[in-house]
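Participant: Residue numbers (numbering that gives the first Met the number 0), protein chains in the order written: chain A, 0 to 347; chain B, 0 to 334.
To be clear, the hints were calculated from the coordinates, so they are not data collected in a lab.
Just to be clear, a hint being listed does not mean it is correct.
Stated by the list, open to error - Result set (DSS-like, lysine-lysine): computed pairs, CA atoms no more than 25 Å apart in a straight line: (1) A:K148 with A:K193; (2) A:K285 with B:K272; (3) A:K102 with A:K193; (4) B:K118 with A:K285.
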Amino acid sequence: MSPGAIRSAQYEEGVRVPASAEPLLSVDDLTTVFPTARGLAIASNSVSFHLEARETLGLVGESGSGKSVTCRSILGLVPEPGRIIGGSVRLQGVELLTLPERKLRTLRGTQISMIFQDPMSSLNPVYSVGEQITEPLRIHRGMTRREAKEEAVRLLQRVEIPAARERLDSYPHELSGGMRQRVMIAIAISCRPKLLLADEPTTALDVTIQDQILSLLLELQAEEGMAILLVSHDLGVIAQACDRVAVMYAGYVVEEASTEALFEQPAHPYTAALLQALPELAARRKDRRLVPIQGQPPELVRLPQGCPFAPRCELAQPACADVPMSLIEVTPGHLTACPFQERRRDGC
Amino acid sequence: MGVNGGDPLLVVDDLHKAFAVRRSLLDRARLRPTRRAIAVDGVSLSVGRRETLGVVGESGSGKTTLARCLLRLVEPDAGSIRFDGTDVSTADRQGLQAIRRRIQMVFQDPYSSLNPRVKVGAAIAEPARVHGIVPDDAVDEHVLQLLELVGLSRSAAEQYPRQLSGGQRQRVAIARALSLNPEFLIADEPVSALDVSIQAQILNLLEDLVGSLNLTMIFIAHQLSVVRHISDRVAIMYLGRVVEIGRTEEIFECPQHPYTAGLLAAAPVPDPKKRSRAPAMQGDIPSPLNIPSGCRFRTRCPYAEPRCEVDDPSLQPVGRGHHAACHVLPFRSAD
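Sequences are here, hints too, so could you generate the full structure?
Facilitator: Put into structure tokens, the structure is as follows:
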């Protein structure tokens, strides 16, 4: 596709999203499946959440919980043979799931950006850093070569890459993991997105570098006013970075709450058990003993009836097999999929 | 030096290991010299009997190379390793085999350390057979005991690694390591690939086994909270050196090296009320091909002084059984 074609006004017009009182992003009943030899694996199971402008929502869960697939489904980037079979994803009222690929592609460059765990595999190894940053600037922001180069230097400086101008000629393999992730972030913010999807952006990095990248992301968010969907398995990262959190288990969102409420008063037994399993929390207990969650998560092709956490739940009861897995509001803004939670809180 | 007093079981003295970096054709044509990545650069430490020493460090700190040197899975360039009075560094093949029976390793990824075509039972039995520590007719019973010890059912013996979950595979790897009744366990990032809920299961298992079998352990990890939980003492490594070592509580409550302090501050705390927005430490980790002069941490250190550029600090006592390699911080906090 030639840059000229993309620069035409028509494209930009086609995806201009109307301003409204709607949340920036609404995900409703999103269901994504993967056919396997042993049956259909439901990776995202009727997932619903929303994201306001300038907000950071954490999507936390263990491997196979569906957090990454959910994140990719938003952009229609589900890896083969996965399919989105239902639900809706709206960005300021515009339905993304039915948007033609052409328009979706423009949207990815202008309204939504994404960064991944491993910047080495998302950067192209045969193009210089400069070429990779200037490309979207010329395509989506219609800059000339010279303008794009100056903007690229500014962006690299903004993500705190030392000797930014010289780095334009570097290739990804010449950079450290942290620097590569900074380049990815520079590319991601180059088109001033309203929404940044960050899929485990610091997982492959060392602790001190992770800390730098998280700080940078939050700083940029405040400056650029973008919303972030932060996918992570790390409850520490979530606690440090997010305004609200959705906890996923076996494809379902099982709890959603403000970060403080979630860590202080978890309303789903899975969230509570996950927090109990952290070594940081064991340190506060007298015997310093870790409290693991017994057993394994269920196979996605063979989900148990009702609540998928019931087989591992210490508070399980026969009625758990009939739980519809829809979210119930415990307190305003605090949702849980466990209907027995409220009664327990009252001491029954 | 160990918490239990008496002779330490393992003593490492001034250990060095560097790896030659393969030169490209172009580099060879230009007659560029072979570059050397320094992995372990003068490490000395000891581990007391029945003690767990945690080793923490970021990538390039040399923690894994150190572990491999201890068993001579890689040959150290210089320095000595003594295990229970025997010199490991100069041991011949037979001597080495005897030592390797007493020191066993558990790795991060049990999927790549287990042969996918060998059933679990056979994998656990193999070391015992090779070293001939149980009679042939008792091997099956030995395997079943080990399975029970690590919390797996008897039926697991007939399964292949791929039929097990990550946590179960790590249990198999632990059973295999215990198959030779070792005294010393080297666990290299044993829970790093596991989810939090499973990680807690494996940590509890290791803790129980160390206690019930009177094991001594080196526990290597990058995750501070995990190391804090399981270790009696902790060594912090940076670019091939131990920069601080001491009892766990002291290291975590009262770090005396700026790198340790920065590492602790950088670790994300799972508590939204304790948020820090400014990064704890600036700069990138220098390349092991190009270690800074003087103190190797000075390029990222908030306390660096001019002399740090020339004077390479060695480990100095900063408290009881607590050592740090820094010219500045220990003397500041003493004020």
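Participant: Run every hint past the structure and note whether it holds.
Facilitator: Structure-based check of all given hints:
1. At most 25 Å may separate the alpha-carbon atoms for a hinted pair to count; K148 (chain A) and K193 (chain A) meet this at roughly 23 Å.
2. Pair hint K285 (chain A) plus K272 (chain B) holds up; C-alpha atoms about 22 Å apart against a cutoff of 25 Å.
3. Our distance criterion of 25 Å between C-alpha atoms is met by K102 (chain A) and K193 (chain A), whose separation comes to about 16 Å.
4. At roughly 41 Å between alpha-carbon atoms, K118 (chain B) and K285 (chain A) are farther apart than 25 Å, so this suggested pair is violated.
When each numbered hint is compared with the structure, a violation occurs for hint 4 only.
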